[in-house]
Amino acid sequence: MHTKKTIFWFRQDLRLSDNPGLYEAEKQGAVMPIYIQDESQGGDFKIGEASRWWLHHSLSDLNNNLKNNLNVYQGNAKEILLKLVKDNNIDAVYWNRCYEPWRIKEDTEIKTFFKGQDIECKSFNGSLLLEPWQVLKSDNTSYKVFTPFYQKGYFGTSCIRRPTSKSERLDLIKDQSNKTGITQLNLLSDKNWHQKMKPYWNIGEKGAQEKLQTFLNEGLVGYKEGRNFPYKNNISKLSPHLHFGEISSNQVWFEATAKGMTGNYSQEDVDCFLSELGWREFSYNLLYHFPDLPHKNLQSKFDSFPWSDNQDFLKAWKKGQTGYPIVDAGMRQLWQTGYMHNRLRMIVGSFLVKNLLLHWHHGEKWFWDCLVDADLASNSASWQWIAGCGADAAPYFRIFNPVTQGGKFDPEGSYTRQFVPELAHMPDKYLFKPWDAPQDVLKKAGVVLGNTYPKPIINLEFSRHRALEAFASLPKT
DNA sequence: CCTGGAGTTGTCCTA
DNA sequence: TTAGGACAACTCCAG
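All the letters of the first sequence, read from the start, carry residue numbers 93 to 569 under our numbering.
Think of the hints as simulated: they come from the structure by calculation, not from any bench. Any given hint could be a false lead.
[Stated by the list, open to error] In silico lysine to aspartate or glutamate, EDC-like type, Cα no more than 16 Å apart, as pairs:
#, residue 1, residue 2
1, Lys170, Asp130
2, Lys203, Asp183
3, Lys547, Glu514
4, Lys119, Asp183
5, Lys410, Asp461
6, Lys316, Asp263
7, Lys119, Glu212
8, Lys96, Glu116
9, Lys96, Glu212
10, Lys197, Glu368
11, Lys96, Glu198
12, Lys170, Glu198
13, Lys266, Asp179
Values in this document were obtained by computation on a predicted structure and should not be read as measured data.
Just need the whole structure built from these sequences, with the hints factored in.
Below, the structure is given as structure tokens:
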């Protein structure tokens, strides 16, 4: 009797546990696990540097978990799949869906092609709690406001798929003729940049599982409040693991929900954390229904916004040399760790877009390259949000003051001093506004403004009013 | 079609 | 010192 042979195509679901597509493939017989790298795809948003580093290690971990049976290829997906199907007598091709516009286009083509060839071809939901086409208003159009979206599809509902069990006894097919290994994908740059990020992360499925447990045990209590403070541990740091699918959103959702039922956690904390998964879903929903999200203002009246184009400011922002300590701390955390605390993402985003008046595309691109959790949906939706042109966006008058924000959310300065060590000896009173410090205070702290630490590159009051005027100049509708 | 309530994350000024 | 209102008006969404 012929055993069914299925190709399982890994993409952004680099895990064995709760992997719907893999689970179905495995149930039916032997599985040929593959990964395809196609450097020609992705358009303006080809995988960024930090993500490449993460992907390299994530694939290596997956390969280990598959006992060295991951088959890796480079080139056009359709051509590679077709050849593999023919050479290996394959009956079916399965994968979990991705939602980047280029992916949807390519997947649709591949599916149509294989259907025509009478080869079974199936896709599954392995990345989202609910598909973007499942959560719609009663008139079947998509939501533009988070709260009703979340109420409708997620809050207190039971439509979300429960996690499957782990695929344990995989009958795996190795392509013996294949000469390509993970190293040949050249995901690691020659630069030593990624060495800095290494200590902060435990990449792969096991690391993701551990991170979830650590968060549930140590970070969930007090999450609602504590998540705002970058020096506290009330953050999950699951974003890169979720992006690469090392853990499923469903597992996170149900385990957090279960914790909420034990009575040891306040419902507020649990609900707040769950809603963050909801924001991830909302971003995917937006990207699916507005494929131009990474490029075009969701609110077209912003098309005439009078952006500035000061390359020196942009450079200073990227390097964390703006002269505003909380902004610089955030930007340097990004560079050093491949991650930035959510509160800081808002602060540095507001500063770029409103104080420096630089186009949100600049921030979007830089984050795309530097973040290990860079995700097309979340990244573009969030940049549009902070710029004010997105869905449910921040009102135009909401301009973060980096001095106030620093004092409020890093009151003892531990976060800022960690990433801006040249200000380590500044007293709290002047940490977030060193330009106001008297000469003797600066001297005592070993700070020479314009030398050991920059002077502010732009005046806050001036730039705030300039931003307000710019917004006021937009057409009314 | 109409109506009314609401919309992640702020800042500044005034009393 | 602190609390409350202004900042604008619009679109979204449910009933």
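Which hints from the list above does the structure break, by number from lowest to highest? Those not satisfied are hints 6, 10 and 11.
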